[in-house]
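S.K.: Chains as they are written, first to last, in numbering that gives the first Met the number 0: chain C, 0 to 111; chain L, 0 to 111; chain U, 0 to 153; chain D, 0 to 153.
Wrong hints could be hidden among the right ones.
No more than 20 Å apart at the CA atoms, straight line, and that leaves these computed lysine to aspartate or glutamate pairs for EDC-like [said to hold, decoys possible]:
{"#": "1", "chain 1": "L", "residue 1": "Lys88", "chain 2": "D", "residue 2": "Asp56"}
{"#": "2", "chain 1": "L", "residue 1": "Lys88", "chain 2": "D", "residue 2": "Glu7"}
{"#": "3", "chain 1": "C", "residue 1": "Lys44", "chain 2": "C", "residue 2": "Glu100"}
{"#": "4", "chain 1": "L", "residue 1": "Lys42", "chain 2": "L", "residue 2": "Glu91"}
{"#": "5", "chain 1": "C", "residue 1": "Lys97", "chain 2": "U", "residue 2": "Glu106"}
{"#": "6", "chain 1": "L", "residue 1": "Lys97", "chain 2": "D", "residue 2": "Glu106"}
{"#": "7", "chain 1": "C", "residue 1": "Lys88", "chain 2": "U", "residue 2": "Glu35"}
{"#": "8", "chain 1": "C", "residue 1": "Lys19", "chain 2": "C", "residue 2": "Asp7"}
{"#": "9", "chain 1": "L", "residue 1": "Lys88", "chain 2": "L", "residue 2": "Asp74"}
{"#": "10", "chain 1": "L", "residue 1": "Lys44", "chain 2": "L", "residue 2": "Glu91"}
{"#": "11", "chain 1": "C", "residue 1": "Lys33", "chain 2": "U", "residue 2": "Glu35"}
{"#": "12", "chain 1": "C", "residue 1": "Lys68", "chain 2": "C", "residue 2": "Glu100"}
{"#": "13", "chain 1": "L", "residue 1": "Lys88", "chain 2": "D", "residue 2": "Glu128"}
{"#": "14", "chain 1": "L", "residue 1": "Lys68", "chain 2": "D", "residue 2": "Glu106"}
{"#": "15", "chain 1": "C", "residue 1": "Lys88", "chain 2": "U", "residue 2": "Glu5"}
{"#": "16", "chain 1": "C", "residue 1": "Lys68", "chain 2": "C", "residue 2": "Asp106"}
{"#": "17", "chain 1": "C", "residue 1": "Lys68", "chain 2": "U", "residue 2": "Asp99"}
Covered, in the sense of this in silico footprint (three residues per stretch, anywhere, with C-beta under 8 Å from a C-beta of chain U), are these stretches of chain C [as the list claims (entries may be wrong)]:
{"#": "18", "segment": "15 to 26"}
{"#": "19", "segment": "34 to 48"}
{"#": "20", "segment": "57 to 64"}
To list a few chain U residues with every Cβ distance to chain C over 12 Å, as calculated [what the hints assert, rightly or not]:
{"#": "21", "residue": "Pro12"}
{"#": "22", "residue": "Ser28"}
{"#": "23", "residue": "Asp38"}
{"#": "24", "residue": "Thr60"}
{"#": "25", "residue": "Leu69"}
{"#": "26", "residue": "Gly110"}
{"#": "27", "residue": "Gly129"}
It should be emphasised that the hints constitute simulated quantities derived from the structure, not laboratory data. Think of the CB as a built atom: it goes at the ideal place given N, C-alpha and C, for glycine as much as any other residue.
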Amino acid sequence: MELGLEVDESHAPYTVLAVKGEVDVYTAPRLREKLVELVSQGKLKVIVDLEGVDFLDSTGLGVLVGGLKRLRSHDGDLGLVCTQQRILKVFEITGLTKVFEIHDSVDTAVAG
Amino acid sequence: MELGLEVDESHAPYTVLAVKGEVDVYTAPRLREKLVELVSQGKLKVIVDLEGVDFLDSTGLGVLVGGLKRLRSHDGDLGLVCTQQRILKVFEITGLTKVFEIHDSVDTAVAG
Amino acid sequence: MERVLELEIPASPEYIAIVRLIVSSLASSRRALADERIDDLKLAVSEACTNAIEAQDTITTVAQVTVGVLEDDDRLEIHIADRGPGFDPAALPIHPPVTDPDRLNFERGLGIPLIRTLVDDVAFESTPEGTTVRLILYSGPADLELSENGTAET
Amino acid sequence: MERVLELEIPASPEYIAIVRLIVSSLASSRRALADERIDDLKLAVSEACTNAIEAQDTITTVAQVTVGVLEDDDRLEIHIADRGPGFDPAALPIHPPVTDPDRLNFERGLGIPLIRTLVDDVAFESTPEGTTVRLILYSGPADLELSENGTAET
Ligand SMILES: Nc1ncnc2c1ncn2[C@@H]1O[C@H](COP(=O)(O)OP(=O)(O)O)[C@@H](O)[C@H]1O
Ligand SMILES: Nc1ncnc2c1ncn2[C@@H]1O[C@H](COP(=O)(O)OP(=O)(O)O)[C@@H](O)[C@H]1O
């Protein structure tokens with residue numbers, strides 16, 4: 000099982016990271032590394048596009064929380080794109096909808 | 000797991016039975032019953048359309064051989080429609096391509 | 000309760016995806032459950048397997064994680080068992096509320112709260128020799144399905 | 000050889016679909032196998048499980064059928080074990096050739112010939128206490144995949 004991680008720089012100053020596949024304890028480390036890499040490259044306005052994610056568990060949530068924390072500590076920010084009910088639900092149950100800005104599309108995310 | 004079995008009478012004198020799903024030892028009895036039912040209704044020119052079949056094992060082959068035998072003993076016939084390589088392969092390995100008439104489409108089956 | 004299936008996997012993260020696949024396809028073929036509840040079960044199973052595998056990681060002997068699927072007229076149970084050191088589910092730390100800025104310091108500890116929300120009932124049996132988590136969903140067998148969309152529940 | 004997964008199912012036909020699903024998703028995620036060979040394996044596993052379940056049907060004690068998935072650098076093995084009465088695979092009846100009109104009298108007996116064609120190697124261990132069928136596919140792990148379409152084989 001591969002986790003798709005595609006970086007799109009065409010929305011400067013935002014960097015869009017499109018995640019595809021299942022994010023669990025097996026695949027989440029790759030997402031974490033990618034977020035760390037973006038920060039180290041000075042990309043501090045990151046939008047993580049979750050529209051291609053089929054499954055996300057608490058390890059995945061943890062990595063996103065860690066990414067947000069790291070970006071904020073560099074005066075950056077991490078926004079999400081997600082409209083899938085089953086993925087949104089995981090953020091809702093854990094109360095993380097109050098922590099993340101969740102957008103309907105990449106366009107609205109980069110416009111905000 | 001449900002086996003789809005749809006009877007189409009619009010190609011008289013042929014009766015087309017479209018099978019959908021996986022044909023194995025669990026589902027094959029339903030296919031057998033349907034073939035017996037068609038014969039008992041006097042429908043003796045039967046085309047079994049396998050285009051919607053995802054999986055077919057030797058139990059399924061056995062039911063088709065049994066259907067062909069039953070129809071022939073009533074002076075009827077049973078033809079197949081199949082273009083999927085992975086299903087055709089099962090007929091090829093077992094030599095049953097020599098026993099069944101296998102057509103490319105329902106149209107060519109009812110034209111022949 | 001009848002044991003429908005028992006599965007043993009190595010205690011390694013790469014096998015959790017297959018457990019999710021197995022449990023969700025079994026649940027959807029055998030029980031009257033809406034797709035949404037299958038997704039909930041999948042997530043709960045994934046969380047419990049993650050914990051089982053991490054617990055097993057802390058001991059040195061190689062052991063398998065066992066997943067059992069059991070059913071009854073009115074329920075489906077998934078049992079996830081490990082040979083890890085055990086824990087006290089009643090003594091888990093409480094997180095600061097999400098509005099607290101400190102909340103961001105907690106990247107973990109979301110698994111068990113999620114499990115509790117996602118399934119109808121959960122039971123932990125934990126000793127220093129290992130832990131078994133029982134996830135329970137109340138639902139009839141698929142044949143008893145009453146409504147078109149599979150949401151029939153007892 | 001390393002045991003990747005062990006699965007126990009009731010000896011009942013409705014569980015064969017899930018065994019196919021498990022074996023094929025495991026094989027495709029872990030091994031460098033073309034889709035066509037995954038289909039072959041799926042069919043061989045299905046045939047072996049059908050035989051195991053039918054064999055178990057002839058005895059009165061309730062028993063499970065066990066499916067083991069094992070792997071090595073150069074091969075994948077699926078073991079299907081039952082507690083049925085056993086048989087002699089070398090003494091199976093020979094069918095009339097397909098061109099013989101009598102061929103239509105044989106609706107059965109296609110399983111083992113199919114298995115032999117579909118996998119690289121098959122071994123039967125059969126005693127009056129039960130039968131284990133070992134299906135063997137030679138192939139490298141998925142990481143060693145050499146070509147784009149996954150057809151790399153050792
Ligand atoms: N099966 C288990 N065996 C031992 N300890 C466990 C088990 N499941 C959970 N725990 C303990 O409970 C804690 C909280 O679990 P959880 O809420 O899933 O969050 P996380 O796994 O992210 O820490 C774990 O960190 C671990 O210490
Ligand atoms: N696991 C098994 N235990 C006992 N007998 C078996 C087993 N597998 C196969 N057999 C015997 O071998 C015969 C041929 O099997 P097979 O070629 O699969 O065809 P079929 O199952 O359609 O008869 C079976 O009818 C059965 O008598």
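S.K.: Determine for every hint whether it applies to the structure shown.
M.R.: Comparing the hints with the structure gives:
The suggested pairing of L/Lys88 with D/Asp56 is violated, with an alpha-carbon distance near 30 Å, which exceeds 20 Å. A C-alpha spacing of about 30 Å is found between L/Lys88 and D/Glu7, which places the hinted pair above 20 Å, so the restraint is violated. Annotation: proposed proximity of C/Lys44 to C/Glu100 holds, straight-line Cα distance about 12 Å (limit 20 Å). Using a Cα cut-off of 20 Å, the hinted pair L/Lys42 and L/Glu91 is violated, with the two alpha carbons roughly 28 Å apart.
For the hint pairing C/Lys97 with U/Glu106, the CA-to-CA distance comes to about 15 Å; that is within 20 Å, so the pair holds. With a CA separation close to 15 Å, the supplied pair L/Lys97 and D/Glu106 stays within the 20 Å bound. Between C/Lys88 and U/Glu35 the CA atoms are separated by roughly 10 Å; this keeps the pair inside 20 Å, and the hint holds. For the given pair, C/Lys19 sits about 14 Å from C/Asp7 by alpha-carbon distance, which is consistent with the 20 Å threshold.
For the proposed pair L/Lys88 and L/Asp74, the alpha carbon gap of about 28 Å is over 20 Å, so the pair is violated. A threshold of 20 Å between alpha carbons decides the hint, and for L/Lys44 with L/Glu91 the separation of about 23 Å lies outside it, so the pair is violated. The suggested pairing of C/Lys33 with U/Glu35 is violated, with an alpha-carbon distance near 30 Å, which exceeds 20 Å. Annotation: proposed proximity of C/Lys68 to C/Glu100 holds, straight-line Cα distance about 13 Å (limit 20 Å).
A C-alpha spacing of about 35 Å is found between L/Lys88 and D/Glu128, which places the hinted pair above 20 Å, so the restraint is violated. Between the alpha carbons of L/Lys68 and D/Glu106 the distance comes to roughly 10 Å, so the proposed pair stays at or under 20 Å and holds. At roughly 30 Å between alpha-carbon atoms, C/Lys88 and U/Glu5 are farther apart than 20 Å, so this suggested pair is violated. A distance of roughly 24 Å separates the Cα atoms of C/Lys68 and C/Asp106; the hinted pair therefore is violated under the 20 Å criterion.
Our distance criterion of 20 Å between C-alpha atoms is met by C/Lys68 and U/Asp99, whose separation comes to about 13 Å. Here the segment 15 to 26 of chain C counts 4 residues with a CB under 8 Å from a CB of chain U, which clears the bar of 3, and the coverage holds. As drawn, the segment 34 to 48 of chain C meets chain U at 0 residues by the rule of a beta-carbon pair under 8 Å; below three, the given contact is violated. By the rule of at least three residues with a Cβ nearer than 8 Å to a Cβ of chain U, the coverage given for the segment 57 to 64 of chain C holds, with 6 such residues.
At roughly 4 Å from the closest C-beta of chain C, the C-beta of U/Pro12 falls inside 12 Å, breaking its exclusion from the interface. No Cβ of chain C comes within 12 Å of the Cβ of U/Ser28; the nearest lies about 19 Å off, and the non-interface call holds. Not every beta carbon of chain C lies more than 12 Å from that of U/Asp38, the smallest distance being close to 5 Å; the non-interface claim is violated. Distance check on U/Thr60: its Cβ is at least 21 Å (rounded) from any Cβ of chain C, clearing the 12 Å threshold; non-interface status holds.
No Cβ of chain C approaches the Cβ of U/Leu69 within 12 Å, the least distance being about 23 Å, so the stated non-interface status holds. At the 12 Å boundary, the C-beta of U/Gly110 falls inside the reach of chain C, the nearest C-beta of that chain being 5 Å off. With a minimum CB-CB distance of about 19 Å to chain C, U/Gly129 clears the 12 Å threshold, and the non-interface call stands.
Violation of the numbered hints given earlier is confined to hints 1, 2, 4, 9, 10, 11, 13, 15, 16, 19, 21, 23 and 26; the remaining hints are satisfied by the structure.
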